[in-house]
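Asks: Working from the sequences, and respecting the hints, build out all of it.
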Amino acid sequence: MEKTAILFSGQGSQYSGMGLDLYQKDALFHETLDRLNSYLSSFDLLTVLANEKHELDQTKFQQPAIVAVSLGLQAMVQRDLPDLPVAGLIGLSLGEYAALISAGAMTEEEGMQALEARASLMQVDASQEPSAMAAVLKPDVAAVEAICTQLAASGAIIAVSNYNSPKQIVLGGQTAVIQQAIAEITEQGAAKRVVELPVSGAFHTQLFQTASEKMAPILTKLTVSEPQIPVISNTTGKPFEKERIAETLVQQIVSPTHFADCVSYLVKNEGVEMTLELGPGGTLTQFVKQIDRKIKRHHVEDYDSYQVFLAEMRGN
Amino acid sequence: MTEQEILQKVQDIVVDELDVEASDVTLTADIKDDLDADSLDVFEIMNELEDELDLKLEASEDVRTIQDVVNYVKKELDAQAK
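Chains as they are written, first to last, in our numbering: chain A, 767 to 1082; chain B, 573 to 654.
By construction, these hints were calculated from the structure, which means they are not laboratory data.
Wrong hints could be hidden among the right ones.
What the hints assert, rightly or not - Mimicking EDC-like on lysine to aspartate or glutamate, the simulated pairs with C-alpha atoms at most 20 Å apart in a straight line are:
no., chain 1, residue 1, chain 2, residue 2
1, A, LYS1060, B, ASP588
2, A, LYS1055, A, ASP849
3, A, LYS1055, B, ASP623
4, A, LYS958, B, ASP634
5, A, LYS904, B, ASP613
6, A, LYS958, B, GLU589
7, A, LYS1055, B, ASP608
8, A, LYS904, B, GLU589
9, B, LYS628, B, ASP650
10, A, LYS958, B, ASP626
11, A, LYS958, B, GLU624
12, A, LYS1060, B, ASP606
13, B, LYS581, B, GLU622
14, A, LYS1055, B, ASP613
15, A, LYS904, B, GLU624
16, A, LYS1055, B, ASP591
17, A, LYS1060, B, ASP591
18, A, LYS1062, B, GLU589
19, A, LYS904, B, ASP602
20, A, LYS904, B, GLU622
21, A, LYS904, B, ASP610
22, A, LYS1062, A, ASP849
Claimed, not checked - Just some of the chain B residues that point at chain A, by a computed CB distance under 7 Å:
no., residue
23, VAL587
24, PHE615
25, ASN619
We put the beta carbon where it would ideally sit given N, CA and C, even for glycine.
Replies: In C-alpha cells:
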C-alpha cells in the first residue's frame, strides 16, 4: 500500500443525514459517535446530523458534526486497515481538530469541547456584520493579493482566506469590499473567474478576531501531547509542534489556510503517494487533484463509499 | 467542430473534473443532480472548455444538462466562425 495522507474535511460540504447510515450499520462508528456526543454540552449530535430544522446551516453545529463523522470513519479505517501506512494528517480549518485528536495530540473529550466552543464563538462573529467569500478560479495569485492589499489599505477587511490549490484561492471580507475586489479582479483579468460562495461568514479573516481571542484561554488549558503522526498545519504549512498547538490554533481562526502547501509538504517530506479524505463532500480530494495529479485519491463519506474503498485496498 | 466532437470534448473534461464514469456522462445527465457537481465544479468545467477550445463562456448562462453544455459551446463556436 502507498504512503498515505489522511485528510479531514472542512466546512461547506455537509448534508442532511450525513453519517447516519454508518451509525445504523457499523457498531464502531455508532459507539464512536455516541462517545463524542457525550462530550458536547449544548446540543445533540444525532439531531443535528438528521438536520430536520436545518441545524447544519449554522457553523456552530456544522463544525462538531463534520469532525464527529470524520472521527467515526477514522476509527473504522484503523480497525479495518491497521497496516495502512499513514504518513501524515491534514484537516481543513475545523478538520484540524479531527486530525489532532486522531494523532493523539489532544484527547477526544477536550478536543471536542474546544471545538464546540470555537464553533459557537465563530457563530457569534459570523453574524456581527455582512461578510462574504468569493472563490477565485485560475488566479494570478500575486495580482489578487495586491488587489486585496490595496483595498485593505483604507481600513476595510479583505484578504485571501484560503489557498486551496493552484487553481483556486478564496477571498474573505466585508461584503461591500468583496464586491469591489470581484470587480477589480475581473477588470484586471487577474483570474479566469470569480464566484461568490454561499457561506455564513468570511472565515479565516480578521472578522473572527473576537472568536480567536476568546479561544486563546480555552486552547491554552488543553492537555497536549506529541502528535503520533505528523499533522500539517493550515496556518504554517509545517507539522504542528506540541508546544505551539494552542497558539497555532488561535492564529488559525484569523489566518489564511494553506491546504496546497500542506499537501506539498507531505509529498516532499514524507513521500506521500495517496490521500484518503474522511468526511462529507470530497472537496479536499478535488483540491489534491489540482495540486498534484500523480497522487492517488480516495474519498469516503458513507457506508457505500467505505465498502468500495475497503474492497479496493484489500484487493491490493 | 461537429456536435459529436463537442460532446466528446465535454465528456472528457467532465470525466476528468468530476471523477465520474464516461458512461454516466450522457446528453440528458443533469450536471449537478446526476453527476454530483457543485456550482464551483460547473465553473471549473467551463474554464477547461474555454482553455481547450479557445472560447469565452459566460457564468450566467443557464446550463443544467450535458446537452445544454454542448448546445452552448456549439452556439459560441458558430458565433465565432461568423
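Asks: Are the hints correct? Go through all of them and say.
Replies: We went through each hint and held it up to the structure:
Under the criterion of a C-alpha separation no larger than 20 Å, the hint pairing A/LYS1060 with B/ASP588 is consistent with the structure, at around 14 Å. The hinted pair formed by A/LYS1055 and A/ASP849 fails the criterion: a straight-line CA distance of about 25 Å is larger than 20 Å. With a C-alpha separation of about 18 Å, the suggested pairing of A/LYS1055 with B/ASP623 holds against the 20 Å cut-off. Restraint check for A/LYS958 and B/ASP634: the C-alpha separation of about 19 Å stays at or below 20 Å, so the hint holds.
Pair hint A/LYS904 plus B/ASP613 holds up; C-alpha atoms about 13 Å apart against a cutoff of 20 Å. Straight-line distance between C-alpha atoms of A/LYS958 and B/GLU589 comes to about 17 Å, which keeps the hinted pair within the 20 Å bound. As the CA atoms of A/LYS1055 and B/ASP608 are separated by approximately 17 Å, the hinted pair is consistent with the 20 Å bound. Between A/LYS904 and B/GLU589, the direct Cα distance comes to roughly 14 Å. Compliance with the 20 Å bound is thereby established for this hinted pair.
Of the pairs offered as hints, the one joining B/LYS628 and B/ASP650 holds, with about 13 Å between alpha carbons and a cut-off of 20 Å not exceeded. As the CA atoms of A/LYS958 and B/ASP626 are separated by approximately 13 Å, the hinted pair is consistent with the 20 Å bound. Between the alpha carbons of A/LYS958 and B/GLU624 the distance comes to roughly 14 Å, so the proposed pair stays at or under 20 Å and holds. With a CA separation close to 27 Å, the supplied pair A/LYS1060 and B/ASP606 exceeds the 20 Å bound.
Proposed proximity of B/LYS581 and B/GLU622 is supported: the alpha carbons are some 11 Å apart, at most 20 Å. Straight-line distance between C-alpha atoms of A/LYS1055 and B/ASP613 comes to about 13 Å, which keeps the hinted pair within the 20 Å bound. A hinted pair counts as satisfied when its Cα atoms are at most 20 Å apart, and A/LYS904 with B/GLU624 qualifies at roughly 14 Å. Taking the CA atoms of A/LYS1055 and B/ASP591, the gap is about 10 Å. The hint holds against a cut of 20 Å.
Between A/LYS1060 and B/ASP591, the direct Cα distance comes to roughly 15 Å. Compliance with the 20 Å bound is thereby established for this hinted pair. Proposed proximity of A/LYS1062 and B/GLU589 is supported: the alpha carbons are some 15 Å apart, at most 20 Å. The hinted pair formed by A/LYS904 and B/ASP602 fails the criterion: a straight-line CA distance of about 25 Å is larger than 20 Å. With a C-alpha separation of about 12 Å, the suggested pairing of A/LYS904 with B/GLU622 holds against the 20 Å cut-off.
Straight-line distance between C-alpha atoms of A/LYS904 and B/ASP610 comes to about 17 Å, which keeps the hinted pair within the 20 Å bound. A hinted pair counts as satisfied when its Cα atoms are at most 20 Å apart, and A/LYS1062 with A/ASP849 qualifies at roughly 18 Å. A cut of 7 Å between beta carbons decides the hint on B/VAL587: the least distance to chain A is about 12 Å, and the hint is violated. Annotation: B/PHE615 was flagged as interfacial toward chain A, and the flag holds, the nearest CB pair being 5 Å apart, inside 7 Å.
With 7 Å as the threshold, the beta carbon of B/ASN619 comes within range of chain A, its nearest partner Cβ sitting at about 5 Å, so the hint holds.
Of the numbered hints listed earlier, those contradicted by the structure are 2, 12, 19 and 23.
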